[in-house]
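> Listed below, chain by chain, are the residues.
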Amino acid sequence: MVLGKIGSSYHLDMVRTEIEDIVGRDSVLDSEVDRLAYSSDIFWVPVMWTDRGKLPSLADLIVFPETVEQVSRLVRLANVYRIPIVPWGGGSGSQGGILPIYGGLILDIKKLNRIIDIDETSLCVTAEAGINGQHLEWALQDKGLTLAHYPASIYTATLGGYLAARGSGQLSTKYGKAEDMVLSIEVVTPTGEVIQTLPTPNHATGPGMLQLFVGSEGTFGIITKATMRVDPMPTERRFRAVLFPSLKQGLEAGRLIMTRRLRPSVIRLYDEDATVKVVKRVLGIEVKGAYMVLCFDGVYPDMVELEESKALEICCENGGKDLGSEGGKHWWEHKYDFYYPPFAPALPQLFGTIESVCRYQDIWRLYQAKRRVVLEEFAEWKPSYTAHFSHWYPWGVMIYDRFYVDAPPDDPHEAVRLHNRIWAAAARASMANGGVLNEHHGIGLKLGWLMREQRGAAFDVLQRIKDGLDPRGIMNPGKLGFRVP
Amino acid sequence: MGFIEEGRSQAAIDGCYVCPMCRHQCTTLKATRQETDSPRSKALSLYSLQRGLLALDDPGMVAQMYRCCGCRLCTAWCISGYEPSSMVQAARTAIVQKLKAPQRVMELLDRILDAGNPMGHPMDERGAVLDGLASPADKQPQVLLYAGCSPSYEERDQVRAAARLLDAAGVSWTTLRRERCCGAVAWSLGFRREAQDMAAAVLEGIEQSGATTVVTTCPSCAKAIGNDYSKEWGVKPRKQVEVLHITQLLARLMDQGKLVFKKAMELRAAYHDPCSLGRGMGVYEEPRRVLAAIGGLELVESRHNREKGECCGSGAGMRFTNPEIAATAASQTLEGKLATGAQMVVTACPSCQTALRGARERLGVNVPVVDLVSLAESAL
Numbered sequence: 001m002v003l004g005k006i007g008s009s010y011h012l013d014m015v016r017t018e019i020e021d022i023v024g025r026d027s028v029l030d031s032e033v034d035r036l037a038y039s040s041d042i043f044w045v046p047v048m049w050t051d052r053g054k055l056p057s058l059a060d061l062i063v064f065p066e067t068v069e070q071v072s073r074l075v076r077l078a079n080v081y082r083i084p085i086v087p088w089g090g091g092s093g094s095q096g097g098i099l100p101i102y103g104g105l106i107l108d109i110k111k112l113n114r115i116i117d118i119d120e121t122s123l124c125v126t127a128e129a130g131i132n133g134q135h136l137e138w139a140l141q142d143k144g145l146t147l148a149h150y151p152a153s154i155y156t157a158t159l160g161g162y163l164a165a166r167g168s169g170q171l172s173t174k175y176g177k178a179e180d181m182v183l184s185i186e187v188v189t190p191t192g193e194v195i196q197t198l199p200t201p202n203h204a205t206g207p208g209m210l211q212l213f214v215g216s217e218g219t220f221g222i223i224t225k226a227t228m229r230v231d232p233m234p235t236e237r238r239f240r241a242v243l244f245p246s247l248k249q250g251l252e253a254g255r256l257i258m259t260r261r262l263r264p265s266v267i268r269l270y271d272e273d274a275t276v277k278v279v280k281r282v283l284g285i286e287v288k289g290a291y292m293v294l295c296f297d298g299v300y301p302d303m304v305e306l307e308e309s310k311a312l313e314i315c316c317e318n319g320g321k322d323l324g325s326e327g328g329k330h331w332w333e334h335k336y337d338f339y340y341p342p343f344a345p346a347l348p349q350l351f352g353t354i355e356s357v358c359r360y361q362d363i364w365r366l367y368q369a370k371r372r373v374v375l376e377e378f379a380e381w382k383p384s385y386t387a388h389f390s391h392w393y394p395w396g397v398m399i400y401d402r403f404y405v406d407a408p409p410d411d412p413h414e415a416v417r418l419h420n421r422i423w424a425a426a427a428r429a430s431m432a433n434g435g436v437l438n439e440h441h442g443i444g445l446k447l448g449w450l451m452r453e454q455r456g457a458a459f460d461v462l463q464r465i466k467d468g469l470d471p472r473g474i475m476n477p478g479k480l481g482f483r484v485p
Numbered sequence: 001m002g003f004i005e006e007g008r009s010q011a012a013i014d015g016c017y018v019c020p021m022c023r024h025q026c027t028t029l030k031a032t033r034q035e036t037d038s039p040r041s042k043a044l045s046l047y048s049l050q051r052g053l054l055a056l057d058d059p060g061m062v063a064q065m066y067r068c069c070g071c072r073l074c075t076a077w078c079i080s081g082y083e084p085s086s087m088v089q090a091a092r093t094a095i096v097q098k099l100k101a102p103q104r105v106m107e108l109l110d111r112i113l114d115a116g117n118p119m120g121h122p123m124d125e126r127g128a129v130l131d132g133l134a135s136p137a138d139k140q141p142q143v144l145l146y147a148g149c150s151p152s153y154e155e156r157d158q159v160r161a162a163a164r165l166l167d168a169a170g171v172s173w174t175t176l177r178r179e180r181c182c183g184a185v186a187w188s189l190g191f192r193r194e195a196q197d198m199a200a201a202v203l204e205g206i207e208q209s210g211a212t213t214v215v216t217t218c219p220s221c222a223k224a225i226g227n228d229y230s231k232e233w234g235v236k237p238r239k240q241v242e243v244l245h246i247t248q249l250l251a252r253l254m255d256q257g258k259l260v261f262k263k264a265m266e267l268r269a270a271y272h273d274p275c276s277l278g279r280g281m282g283v284y285e286e287p288r289r290v291l292a293a294i295g296g297l298e299l300v301e302s303r304h305n306r307e308k309g310e311c312c313g314s315g316a317g318m319r320f321t322n323p324e325i326a327a328t329a330a331s332q333t334l335e336g337k338l339a340t341g342a343q344m345v346v347t348a349c350p351s352c353q354t355a356l357r358g359a360r361e362r363l364g365v366n367v368p369v370v371d372l373v374s375l376a377e378s379a380l
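The listed protein sequences derive, respectively, from chains A and B.
The first sequence maps to residues 1 to 485 in this note's numbering.
The second sequence maps to residues 1 to 380 in this note's numbering.
Don't take each hint at face value.
What the hints assert, rightly or not - Only part of the chain A face toward chain B is listed, based on derived beta-carbon distances under 7 Å:
1) Glu32
2) Val47
3) Thr50
4) Gly53
5) Ser57
6) Lys110
7) Glu137
Claimed, not checked - For lysine-lysine, the following DSSO-like pairs were computed, each having C-alpha atoms within a straight-line distance of at most 27 Å:
8) B:Lys231 / A:Lys335
9) A:Lys54 / B:Lys100
10) A:Lys321 / A:Lys310
11) A:Lys174 / A:Lys54
12) A:Lys321 / A:Lys174
13) A:Lys111 / A:Lys174
14) A:Lys329 / B:Lys231
15) B:Lys308 / A:Lys111
16) A:Lys54 / B:Lys98
17) A:Lys143 / B:Lys98
18) A:Lys321 / A:Lys248
19) A:Lys248 / A:Lys143
20) B:Lys231 / B:Lys139
Hints are computed from structural coordinates only; laboratory data are not their basis.
Ideal Cβ placement from N, Cα and C applies to all residues, glycine included.
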């Protein structure tokens, strides 16, 4: 059974004719430039690969369906010829989830971008999955609403991408992740059926199918439409910056804020190294210790103020020094600056964001273990390590940590292997300390090989679900660690 | 790769090839939804070209580089100020030097060179736009009214209204005896030598006119003559003249008490910032001041305005080389203006005017698209 590039050149033309029959001639691209444009997200490996003068994996064709019916017909056609399909939204992922490593078709869903309905009674929006995140947010804001999902990728990512990768926004601590906001989705399954999950996410109507597709990164089908919960745009948003003498004290303050069930929209705590490096470089604030940004918001200013004051009490009881509101406001106004060049990490550095999530009881141990493994086991490469903690739950917290190697190997093959070794060591340090591989970047190509370690026997069950849903193995092959037929 | 001689172009390639932070508002990408059209993808292509993975004369690469309207919205959304448009400009120039410019682009250049305007209208009909208006003053005129290509043939009301406004304010004016294209379109397409020749001819005409101030209704002309000739194109005037867009002069005349709008208009108007006037020249307030001076007119702002105002899609030759993309962009931009509930959309650029009026017809809406100069004249 061969899964890979569409065969000979005339075969490609034969299949292309059938594809054009579905979407029209103008909706199929195949030039080298087009294929290159769809050859990388922001995963370090394909970016480095191009930098070293090596051509990344290319799709055979890029196709632009405009309706769910067209998506369905394309998927059915791909099954006939066993052609890989890679769904593409904004291409802003960091895990290689949209890389066409087995060639085939890119299905760019950005033309599925209509807002179907804004339900101002229930506070829900239904939109097609290809809509740009910022465009959706603007449309909601025009009605005094917000999705309250502000990921760094908001200018690029699509609604479908939010859900396919289980994305988090900067306010997720209060408003939840994409997976918490979703009520219902429409999916084109790997065999081409168009299905709709139940209208509400909470029910007692048997197993929930919604969350089976959320986070499946295109391997279980293509999300084409979603209904999301929205929120009234807060009329009050209060920021605060707090400086702790140590990260450990900051973590304890954050834990107490959450376990006493205050509802901050932001707790963003930087470790000591990140406070010195990142906070100074991007925000221009020069302090030592562990820097925390807090935000409370809502439509009742007195409640917001009260929650903020209680959180500040907790911070002060744990050694925190209130730096006032300016530092927090400044962060909010510059919250995306970290992701622009020259502030984002870039070549020639080797880097990786090895984020993970765990319970509060494990976080200090996990942080220390990851930091140690990166700095000590790879000392010959003079790595550096920073961390912040930005998505907080009633039960635990996500650590957004990153390693950097300033002078990686010149040889691209060696560089990839070093990249993977550091990743594996950090990921295993997480898993050994109660952590889960990540919280919002997804798995993609990068971490698929660690999925079996992460999930154990449960991965075999997931694999059988995959086999049942996608018997021809065409949906985004090579991702999430699933077996390639 | 030798063609990137300018630091900002190389900086854009190196900064943008991995950054998608502006693409949500890229005029071309929003119209096509194709990743290839994003500033990031263009930078990635040039980055790959510099590493031997692509060839400059690859037809896909050539087409990609000509799918940009030079609106610089990408730069407006970039906190670091990278300039993908300069990178595209450099690539187009190199493509031209390799004689690989697409057919549509070559045809456009031919029209500019043969007819003196991008539309290909007869050269000898150009001066007729101001026929019948007040004769240029006997004494040395204060202002040279440079009509521009589009107002000379298609958006004639604009330049005629401008002339009447100057008359009303007591400003003496003249025109060039043989006006030709300012060269901005040719430059944007990568034809630097040809554009420089056109610039030299325009500057010579201005010098001969004796005027100390040049006024245009077209922001692209104003930007080219007043800024780009000397700062970008390397064509320096022998004598410095002041170059203004008509809205700048109208605002100044209002301040001097020479221009008063007597007629009131009870309507709600949304102003569309032309890219060349706004992001190009930094002129955002003067047009708004002129509109605000018209009694009864309520100015409403769309979500995207001033530095982040959306583009009509016409720039950098797109109206001619990629009319389908330009038309879609114009429709999207007009929809943004209509979302304000405005009863009228006003702009201050002939190209925007043509594009938005076309979009109005395609969308089948009744809200008029009016040029600011004509509106101001009707309020005299």
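> Mind checking the alpha carbons of A:Lys321 and A:Lys310 for me, to see if they're no more than 27 Å apart?
Holds - the C-alpha atoms of A:Lys310 and A:Lys321 are around 14 Å apart, at most 27 Å.
> With 7 Å as the cut and Cβ atoms as the points, is A:Thr50 at the interface with chain B?
6 Å, holds
> Regarding the pair A:Lys248 and A:Lys143, is the alpha-carbon distance no greater than 27 Å?
Since the Cα atoms of A:Lys248 and A:Lys143 sit roughly 42 Å apart, the hinted pair is violated (cutoff 27 Å).
> Given the hinted pair A:Lys143 and B:Lys98, is their Cα-Cα distance within 27 Å?
The given pair, whose Cα atoms are some 52 Å apart, is violated under the 27 Å limit.
> May I ask you to test the interface hint for A:Glu32 with respect to chain B, counting a Cβ-Cβ separation under 7 Å as satisfied?
6 Å, holds
> Within a Cα-Cα threshold of 27 Å, do B:Lys231 and A:Lys335 meet the stated pairing?
35 Å, violated
> If you draw a straight line from the CA of A:Lys321 to the CA of A:Lys248, is it 27 Å or shorter?
Given that 27 Å is the threshold and the Cα spacing comes to 14 Å, the pair holds.
> Between the alpha carbons of B:Lys231 and B:Lys139, is the straight-line distance 27 Å or under?
Judged against 27 Å, a Cα distance of about 32 Å means the pair is violated.
> Holds or violated: A:Lys54 and B:Lys100, Cα atoms, limit 27 Å.
26 Å, holds
> Could you grab the alpha-carbon distance between A:Lys329 and B:Lys231 and see if it respects the 27 Å cut-off?
Judged against 27 Å, a Cα distance of about 39 Å means the pair is violated.
> Tell me if the straight-line CA distance from A:Lys321 to A:Lys174 falls inside 27 Å.
Holds: A:Lys321 and A:Lys174 sit about 23 Å apart, inside 27 Å.
> Just to be careful, I want the Cα atoms of A:Lys174 and A:Lys54 compared with a cutoff of 27 Å; is the pair within it?
44 Å, violated
Comparing the model with each earlier hint shows violations of hints 5, 7, 8, 11, 13, 14, 17, 19, 20; every other hint is respected.
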